[in-house]
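Chains as they are written, first to last, in our numbering: chain W, 1 to 393; chain D, 394 to 786; chain U, 787 to 1179; chain L, 1180 to 1572.
Warning: the hint list may mix true and false statements.
No more than 25 Å apart at the CA atoms, straight line, and that leaves these computed lysine-lysine pairs for DSS-like [said to hold, decoys possible]:
{"hint": "1", "chain 1": "W", "residue 1": "132", "chain 2": "W", "residue 2": "199"}
{"hint": "2", "chain 1": "U", "residue 1": "985", "chain 2": "U", "residue 2": "918"}
{"hint": "3", "chain 1": "L", "residue 1": "1349", "chain 2": "D", "residue 2": "563"}
{"hint": "4", "chain 1": "U", "residue 1": "956", "chain 2": "W", "residue 2": "170"}
{"hint": "5", "chain 1": "D", "residue 1": "525", "chain 2": "D", "residue 2": "592"}
{"hint": "6", "chain 1": "L", "residue 1": "1378", "chain 2": "L", "residue 2": "1311"}
It should be emphasised that the hints constitute simulated quantities derived from the structure, not laboratory data.
4 protein chains.
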Amino acid sequence: MTATVPDPAPARSPDAATPAAPLGVAVLGYSFMGKAHSNAWRNVGAFYDTPPVARQVLVGRDQDQLSAAAQRYGWAETATDWREVLTRDDVQIVDICTPGHLHAEQAIAALEAGKHVLVEKPLANSVAEAEKMAAAAREAATRGVIAMTGFTYRRIPALVLARQLIADGKLGQVRQVRVSYLQDWLADEAAPMTWRLRKETAGSGAMGDLASHAVDQVQFLLGERVASVSATINTFVPQRTGPAGLEPVTVDDAAWATLRLPSGAVASVEVSRFATGRRNALEIEVYGSGGHLRFDLENLNELHYYDAGAPAALQGSARILVTDAEHPYLDAWWPPGHILGWDHAFTSQAADFLTAIRTGTPPAASFEDGLAVQRVLDAMERSAAQASTAVVI
Amino acid sequence: MTATVPDPAPARSPDAATPAAPLGVAVLGYSFMGKAHSNAWRNVGAFYDTPPVARQVLVGRDQDQLSAAAQRYGWAETATDWREVLTRDDVQIVDICTPGHLHAEQAIAALEAGKHVLVEKPLANSVAEAEKMAAAAREAATRGVIAMTGFTYRRIPALVLARQLIADGKLGQVRQVRVSYLQDWLADEAAPMTWRLRKETAGSGAMGDLASHAVDQVQFLLGERVASVSATINTFVPQRTGPAGLEPVTVDDAAWATLRLPSGAVASVEVSRFATGRRNALEIEVYGSGGHLRFDLENLNELHYYDAGAPAALQGSARILVTDAEHPYLDAWWPPGHILGWDHAFTSQAADFLTAIRTGTPPAASFEDGLAVQRVLDAMERSAAQASTAVVI
Amino acid sequence: MTATVPDPAPARSPDAATPAAPLGVAVLGYSFMGKAHSNAWRNVGAFYDTPPVARQVLVGRDQDQLSAAAQRYGWAETATDWREVLTRDDVQIVDICTPGHLHAEQAIAALEAGKHVLVEKPLANSVAEAEKMAAAAREAATRGVIAMTGFTYRRIPALVLARQLIADGKLGQVRQVRVSYLQDWLADEAAPMTWRLRKETAGSGAMGDLASHAVDQVQFLLGERVASVSATINTFVPQRTGPAGLEPVTVDDAAWATLRLPSGAVASVEVSRFATGRRNALEIEVYGSGGHLRFDLENLNELHYYDAGAPAALQGSARILVTDAEHPYLDAWWPPGHILGWDHAFTSQAADFLTAIRTGTPPAASFEDGLAVQRVLDAMERSAAQASTAVVI
Amino acid sequence: MTATVPDPAPARSPDAATPAAPLGVAVLGYSFMGKAHSNAWRNVGAFYDTPPVARQVLVGRDQDQLSAAAQRYGWAETATDWREVLTRDDVQIVDICTPGHLHAEQAIAALEAGKHVLVEKPLANSVAEAEKMAAAAREAATRGVIAMTGFTYRRIPALVLARQLIADGKLGQVRQVRVSYLQDWLADEAAPMTWRLRKETAGSGAMGDLASHAVDQVQFLLGERVASVSATINTFVPQRTGPAGLEPVTVDDAAWATLRLPSGAVASVEVSRFATGRRNALEIEVYGSGGHLRFDLENLNELHYYDAGAPAALQGSARILVTDAEHPYLDAWWPPGHILGWDHAFTSQAADFLTAIRTGTPPAASFEDGLAVQRVLDAMERSAAQASTAVVI
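Starting from the given sequences, assemble the full structure and let the hints guide the process.
Below, the structure is given as structure tokens:
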């Protein structure tokens, strides 16, 4: 017997008495992050019991490219002016995937318009912007409007498990954290100038792009905020060829920092776009009195856990393949051993954002969390400018 | 400016002069494989330039579960009788994800009805069934109707790269192949009886489920078919508790085989559902006079390549992170180092299937390929029944 | 204050009331194994509390090379006829490192002469020889004379730990064992003919050289003997250039076997000298109902242990760095993390042999153990000659 | 025929016309390092064509322990006053394995007495001491007397290969170096007070012990000296229980540094005795415009090499098993794949020291190299004392 499947899908929440109208989504930006977020909105309902969504509007400036992207990624409409979506009744969610210098204006306007807002990391290009955004989010929260920073790696199951183990005390007192995020797409000095290498558009280089993840993970995993920072930054190739000839690179290529946390823990951070042969190597190590944890983004389904309490002859770092139903997020996906990719974390992030809307619970990473990262990045820049002298935050 | 995105999406093929109507898809089965295939059909158009598809009908027997699945996975309609979809004009593709003993009847009927057919592996539960299916596919091909066996791992970029390297002679003369596929979901002897452990429904145990992949990879990578087989099979836990008490397990828990190929290469195969701690470990090694290759499904973004022609002091097995634009399928996905998961191969498989339809080119794995695997599995069973005496195929 | 250290060193055994005369050692053979055994005798007393030894005689046929080796390795004297050492009063230990076809005659004569005998593996080139040797060892044991087969890998700490864990039940019921020993020194088909490729001198190829280790480890780790065997052997390059032109290779280049054990466990063995890029890769995996173990000779300080009894979310294969004082043999060596090399196992083997002499306890591997391996190798050859039909031992 | 092997062994140097008298060695210290160095002197002649040595005197303060050690390690005599060996004609080499605060006095006196001197790292506990030692070494060099700092890891084949590859330009312009040396023997806060945790005996904590290795490797691999340093140090457990109750820990438990080199390269260093689960993990990564290198002391036979010039689809980090005859030092040891342990580097160091004596060529690491490390450690301390402000060296 053939049957038609009702559309739009009613909310599958067990506590939803009547079908809810889907939440309309608008995504600002259609390139790399726009593609990743579109993928998340297209798939979230297939894996998670979250409120239904309608992929309403994709926003960009180049109509041709925008139309092609919208059709390819499955959006109902397009808009070339992001402000248009703020007044639409069929848009409840604004998902901001534009370059960092646009985040503040767009996010604040959307929150003021009563839209739930998800902003790709880093939250902003400066502490000042981030503070305004955090203030706007606090205000919006009083109206039940949700704001979230898209530190997507907080949705990688292995890292969520890591955080849980630390919070549960499995590592005892955490003392040392090591985070490196190594890429190599600038290692070739003939690589051309891009907006990512200009301070006015990108804000910073490896710092905003990579150290933001590193710092957020330190604060996410330990559940505390950085207290002081000593940092060094470097630009290995100071000029690159742009459309109009040689141009100065005005952002950092690599950065190093030592972070002190209130608990007494010390974290080292190293980020680079010059680490030849390392494509996307975010490596995290956490050492505590009771054990350690190790993670590598290029093998993101694994967490290595050392339990200092194991019998002496059996102590070792266990490679946990974080794909079992007992692991965070995994009951939504595939059977054990069928690994997830990088993009699945975006789908899980969308699910958490939708759950936050449904329950009215402020989601993490909040704008405050995004601001906290920004403060550390800012302190890194100031320390680096003062011969690495430590800066208190 | 807001604009509506045309629906249905026109084909994005560069050679398509006018928009084509989307190809309607029906999937038979909605559990594990139905979920994975639904995911592929939902996403294929967002990543690949393939003919547009309409997710028309999801087919299953339990209407309640079926409806829930259809809504969750985004299907327009459901049907409880698979024969219904054969007469629909809006269904051009029948994708068979049912248990193996149903494949032959369903696939042959669908091909006769002029539908393009994709069948999950293994193609069938017996050589006799597979032969009939291969004959039906040959006949259908004369009508321009496409038939494909869903050996999805042929779409894992690292394995496609491996095949290319072998075909390009980078390994010289291939001599030894080692394939093991180790899982552990039966290692607990208290695990209950299921249809997968009964010969009448499952056909075989680890052999059809796991050795089919292993054998297909041997034939896929080397581009030749197994000539003779010596095999051993074993059932470690001969009885399990079913709904009506203890029941005999009538399939193999693990199997071992040595395969000889016409080129002189020898391949070993070992598969098990009892390899405690190994969730989904398909490991492949290929040794040739010029180098070797190694692969592990749990780290499926990596291929290890040893080049015997490298300078003596620098010879080593290189871990290639198969995520660059130069790698198979990767230009459709994410930037380097942003890894794919297990399910992405299903999306790529759907893309290849759609391309085969558009171009009229018979796709691999063909039903002949599926039959070839079946012949090896059958020979393994016969050899095992004769004290491992080698059987010529 | 300067003091002279007494020489020869008295036994450091805590229960030794009076200094013992050192045990005189003669090693037969001075090439690869002679070098490794010489190293062991030179160092054993520096690390282990064993009876003192005197490196008395090195035996070989070429006086020039022999003299150079003796001086280099620190032997007091040389002899070109191995029978000479049998009549010397200052030789209590005869350590046989000659090619396999000489083992039986030399070992039996030495035992009859009342010398303690250590024989490099494989014990012999045939079951018939090994049976005579085992009989001689039994007879010698009645006279307090010790005989040992040099399966040195039984002294690798990680493998001793593995055996202990299995014996302690940490793996529950062992079901599957996988052993591969892959080398590549013949992968180049231009490599010349050697005595190792002639059946009359070498007995067999990869089988005696590599499968002997593999089979011994199966029996050592599981504590039981193989009951039946199905095997395949292959010679990839059937002719090689010797001093007198092209010569047939009369031994196997690679071998595959499936072994059944009385407990119901099944072991697979694969050995090869053609595995391009694998220098000395003895890999062992043991799967039981309670966990698994994995080992790789090229990283011999590590043992990977999976405990199926760990909490669900924390299950993983732990890399144990087997260098702690709690680990077998390790209190004799260096602090944790200061790894041992391949040759250290020979020193530990010498220590165990000396302890066996001191305590009068028959050492493992015994000649019976060596014979047991020989029976399996013989069954492999017979099975391979009969189209892999399983052979009961 | 039996023959006596001449003793003492004549020099095996091909250019030695007549047998030379062996070089007499005295080792100061008999605990961990004394054991390791004794092992090297006992074995060097068995593997390398170096001048023969006589293990003449082992020096220590506790006669009982000293006598036991001398007998065990194979020394002819003992002495309880290190000055005694300076006047002996049968001692040409003084090998100093005492705690750091004794190095300067002992080394300078020995050099003045005309003895060749090998000093365990770190060279000294302060820059002032190291400067005096370097001056003494310069003066001794004019008399043909050799002085060497025992940075033994310079003899690990993988690290020598790494240095060669960098010197040969295989990495192009080196930009980033990452060195971490992580141990965990203090992670337990109940571990007792030792001399290593008191500034007056140990000089520093993780810095002198571990960072000295890290810094020396940076300078060794890059062939240049550190120009400026920003550092942080930390003592996680400020008090520990000694024989007389709680005592303050007056050295660092962990240290972090960013080093700038004249070439523009930046190196990060992190050392710790609190990295739970890491026994002896010296990890080194070097990133250049042409590739990268990675090394881990716990798998010291491996070097990972990434060649950015490889074909795009084949780029990957190759695990080179540094055990082939083409690799540094390896022709002295075992066949490919038969791995070396930690202690083999001491034997190779002894060989290089003896060769330096024979050829009169000043060996590396020189005392100048040891002083250069000391200057960096000193700068680290000063930087750490000034809120990590960078210090120019």
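Cross-check of the supplied hints:
1. W:132 <-> W:199: Satisfied, since the Cα-Cα distance of roughly 20 Å is no more than 25 Å.
2. U:985 <-> U:918: holds (20 Å)
3. L:1349 <-> D:563: holds (23 Å)
4. U:956 <-> W:170: holds (23 Å)
5. D:525 <-> D:592: Given that 25 Å is the threshold and the Cα spacing comes to 20 Å, the pair holds.
6. L:1378 <-> L:1311: holds (20 Å)
This entry satisfies every hint, going by the numbered hints stated previously.
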